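**Q** Those protein sequence lines, which keep their order, are chains A and B. Counting along the first sequence from 1, when you hit position 205 you're at 205 in the UniProt record's numbering, and nothing is skipped either side. Counting along the second sequence from 1, when you hit position 376 you're at 376 in the UniProt record's numbering, and nothing is skipped either side.
These aren't lab readings, by the way, just hints derived from the structure by calculation. Since we're looking at a predicted model, the values are computed, not measured. There could be a bad hint or two in this list.
In this list, chains with the same sequence are indistinguishable; a pair is considered to hold if it fits within one copy or across any two.
In silico DSS-like links for lysine-lysine, alpha-carbon gap of 25 Å or less [to be verified]:
no., residue 1, residue 2
1, K7, K144
2, K392, K336
3, K12, K267
4, K295, K53
5, K7, K169
6, K52, K295
There are 2 protein chains.
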Amino acid sequence: MISNKMKEHVSKSSIIRAMFEEGKRLASIYGEENVFDFSLGNPNVEPPEAIKKAVNEIISEESPNMVHGYMSNSGYEDVRAKIAENINKKYNLKLTENNLVMTCGAAGGLNIIFKTLLNPRDEVITFSPFFGEYENYVDNFGGKLVIVPSDTETFEPDLNALEQSINAKTKAIIINSPNNPTGIIYSEKLIKDLSQLLDKKQEQLGTSIYLISDEPYREIAYDGVKVPYILNYYRNSIVGYSYSKSLSLPGERIGYVVCSSDMDDFKDVMPALNVANRILGFVNAPSLFQRVIAKCLDSSVDMNIYKKNRDLLYNHLVKIGFSCVKPEGAFYLFPKSLIADDVEFAKEAKKFNLLIVPGSSFKCPGHFRLSYCISYDKIEKSLDSFDKLAKKYL
Amino acid sequence: MISNKMKEHVSKSSIIRAMFEEGKRLASIYGEENVFDFSLGNPNVEPPEAIKKAVNEIISEESPNMVHGYMSNSGYEDVRAKIAENINKKYNLKLTENNLVMTCGAAGGLNIIFKTLLNPRDEVITFSPFFGEYENYVDNFGGKLVIVPSDTETFEPDLNALEQSINAKTKAIIINSPNNPTGIIYSEKLIKDLSQLLDKKQEQLGTSIYLISDEPYREIAYDGVKVPYILNYYRNSIVGYSYSKSLSLPGERIGYVVCSSDMDDFKDVMPALNVANRILGFVNAPSLFQRVIAKCLDSSVDMNIYKKNRDLLYNHLVKIGFSCVKPEGAFYLFPKSLIADDVEFAKEAKKFNLLIVPGSSFKCPGHFRLSYCISYDKIEKSLDSFDKLAKKYL
Numbered sequence: 001m002i003s004n005k006m007k008e009h010v011s012k013s014s015i016i017r018a019m020f021e022e023g024k025r026l027a028s029i030y031g032e033e034n035v036f037d038f039s040l041g042n043p044n045v046e047p048p049e050a051i052k053k054a055v056n057e058i059i060s061e062e063s064p065n066m067v068h069g070y071m072s073n074s075g076y077e078d079v080r081a082k083i084a085e086n087i088n089k090k091y092n093l094k095l096t097e098n099n100l101v102m103t104c105g106a107a108g109g110l111n112i113i114f115k116t117l118l119n120p121r122d123e124v125i126t127f128s129p130f131f132g133e134y135e136n137y138v139d140n141f142g143g144k145l146v147i148v149p150s151d152t153e154t155f156e157p158d159l160n161a162l163e164q165s166i167n168a169k170t171k172a173i174i175i176n177s178p179n180n181p182t183g184i185i186y187s188e189k190l191i192k193d194l195s196q197l198l199d200k201k202q203e204q205l206g207t208s209i210y211l212i213s214d215e216p217y218r219e220i221a222y223d224g225v226k227v228p229y230i231l232n233y234y235r236n237s238i239v240g241y242s243y244s245k246s247l248s249l250p251g252e253r254i255g256y257v258v259c260s261s262d263m264d265d266f267k268d269v270m271p272a273l274n275v276a277n278r279i280l281g282f283v284n285a286p287s288l289f290q291r292v293i294a295k296c297l298d299s300s301v302d303m304n305i306y307k308k309n310r311d312l313l314y315n316h317l318v319k320i321g322f323s324c325v326k327p328e329g330a331f332y333l334f335p336k337s338l339i340a341d342d343v344e345f346a347k348e349a350k351k352f353n354l355l356i357v358p359g360s361s362f363k364c365p366g367h368f369r370l371s372y373c374i375s376y377d378k379i380e381k382s383l384d385s386f387d388k389l390a391k392k393y394l
Numbered sequence: 001m002i003s004n005k006m007k008e009h010v011s012k013s014s015i016i017r018a019m020f021e022e023g024k025r026l027a028s029i030y031g032e033e034n035v036f037d038f039s040l041g042n043p044n045v046e047p048p049e050a051i052k053k054a055v056n057e058i059i060s061e062e063s064p065n066m067v068h069g070y071m072s073n074s075g076y077e078d079v080r081a082k083i084a085e086n087i088n089k090k091y092n093l094k095l096t097e098n099n100l101v102m103t104c105g106a107a108g109g110l111n112i113i114f115k116t117l118l119n120p121r122d123e124v125i126t127f128s129p130f131f132g133e134y135e136n137y138v139d140n141f142g143g144k145l146v147i148v149p150s151d152t153e154t155f156e157p158d159l160n161a162l163e164q165s166i167n168a169k170t171k172a173i174i175i176n177s178p179n180n181p182t183g184i185i186y187s188e189k190l191i192k193d194l195s196q197l198l199d200k201k202q203e204q205l206g207t208s209i210y211l212i213s214d215e216p217y218r219e220i221a222y223d224g225v226k227v228p229y230i231l232n233y234y235r236n237s238i239v240g241y242s243y244s245k246s247l248s249l250p251g252e253r254i255g256y257v258v259c260s261s262d263m264d265d266f267k268d269v270m271p272a273l274n275v276a277n278r279i280l281g282f283v284n285a286p287s288l289f290q291r292v293i294a295k296c297l298d299s300s301v302d303m304n305i306y307k308k309n310r311d312l313l314y315n316h317l318v319k320i321g322f323s324c325v326k327p328e329g330a331f332y333l334f335p336k337s338l339i340a341d342d343v344e345f346a347k348e349a350k351k352f353n354l355l356i357v358p359g360s361s362f363k364c365p366g367h368f369r370l371s372y373c374i375s376y377d378k379i380e381k382s383l384d385s386f387d388k389l390a391k392k393y394l
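I would like the entire structure built from these sequences, with the hints used as guidance.
**A** Here it is in structure tokens:
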């Protein structure tokens, strides 16, 4: 008696659950220390000490009815003002609290954005490989996700293919940089070219095309690579941000949506985001953690831990013959699988106690994703298994 | 460029915003202490001291990666087990962690329930007056809310009218007791009769009809009145619970959904609720507060504060000529307005600095709602304004 759509969703997600169960089964046979789980994006780096301090301060000093009570569906005004100020400082903008809505993480943010923008059958374009939930989020509101494949040698979006895919029903483009699953970062040139293309298409079609940037990995960028901020380049820009990774708080569901003041229908979009937060049942982003992050805006986890993991794993895999675009950010590697059938390859990997996610899950077969947000020691210990796996094919 | 549906939602909610702005305007003219805002359901009673203690313990003793990290989309297993045990103790049931999904408050809970159950055009029945968001929550998933009016002399649901409204498209009935906006509590006899009716209709139609109980006010019951637990009476029962009121934590968005093990398709419903939590963007109920409430299951705010408020306000209004069903729970009064046009009546009330919500907002014109979750002193001070308002009409 569950809905037809949910039947599909449940059967798809049972595959992931099966992998999880398989991991537990392997751990029970070989011992947890001998199973190498590269399948989850759950940050292993501890939140900065500032979080604990902020929680303690707020709980002991502020009024509990204020800290745990309702506020505007958009979030506390003072929290939004502080975040706006922090963004302005970093990216030379002039945002205020009125540009922001606090959200239950980036997932909550993307859902209120799509609820706000999409009429049934409107189209949202993304580039493969991509985070599979985009398809669900767009579908929640009757929209259609249109997938434009990227060049798999660089994972740069193919702007010519994008141009062909834009039509009068195109309501938004969603990008994700630093990227899950590839770890690549979109260059300033790319963002400029993309913005120019969207401007041109808007004019041609007489429509508004929103550029949505999903940014849970913004702070995880290595080697000094800059992540361009789309509000500096494109008028119809919306950023969905999350503190899940930058502060290692994924369970707390805290993030925000920020819109450019220059966007089309800004005066309609902001109250609609506020109302969408309410009627989708989020009501507001969790209150204590709104106040906590406002005290930790200049803190972040130690990104060097992730960088060392990347270097260790990337260098080793390339050395033993894997082909992989070197990631500049996030905590994922997306190498080519050593046989075309990536699902089969993931099964083979399991024989060496390696849990990996087939590229098909990101609509990019022939690859696999490794989440290296696990301990350095564990990665070191896993290298032998990768050697054995590679030896079967190379 | 926002969606057509959101245009409607925004214009409706701008009425509420206008009231809020009007309250601020009045406060700036007459002073905040002279404006009597009975419009909001924001608990004014402080959370119990146990909350602070629990936060401090968890933050200082437990691993931050566990406390703030991802867990199952259904919530921490140990938290769900503790809640199940607590429910079992109170209502003599045999629930386990597998009967529960932790949710972002009751609002999040109702949304994952409807996402799980509803195909487009499925019908959900409720009784007026009712919490207006039900219409939005059902509409989020293409369902249709069917409204069965209650007898306005008692606000008891009319089961004959309900029977007429049930058809093959009826997927669920949603009830709310203690009730917003009337404050009434459904008796055991009513729940038994309702269950019997639903059993009969299920058999006649060969369908499953789920009974959903929205229970943010369960603990707010006065004079020893019992609130029957529907899992004890009806097989296809789902309860959406929230700690927003019982622990004064509405901003933290913490609650759960609990399903009867005997329900139809229990084995499909539970994983579907889990997946719905994920794909609607909630992902999981906020992690720290899952752990906090698990330590506070036997705590609650001091309900006597609300009872004193009820007695003061109810007794006075009845004395000066208002007609009102005496509420046995929640923190609302729902008297008849002194003229048929409740919107006009609310405007008149504003002239005496009384902010009240017209019954039309709950699909029950000719009445108005007073939220008495404000301070006793403030209520005392407001009585003079009610006297003046009544004098205009009586």
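**Q** Take the hints in turn and mark each one as holding or not.
**A** Here's how the hints hold up against the structure:
no. : hint        : verdict
1   : K7 x K144   : both (19 Å within a copy, 21 Å between copies)
2   : K392 x K336 : within (15 Å within a copy, 80 Å between copies)
3   : K12 x K267  : between (39 Å within a copy, 16 Å between copies)
4   : K295 x K53  : both (9 Å within a copy, 21 Å between copies)
5   : K7 x K169   : between (28 Å within a copy, 18 Å between copies)
6   : K52 x K295  : both (11 Å within a copy, 19 Å between copies)
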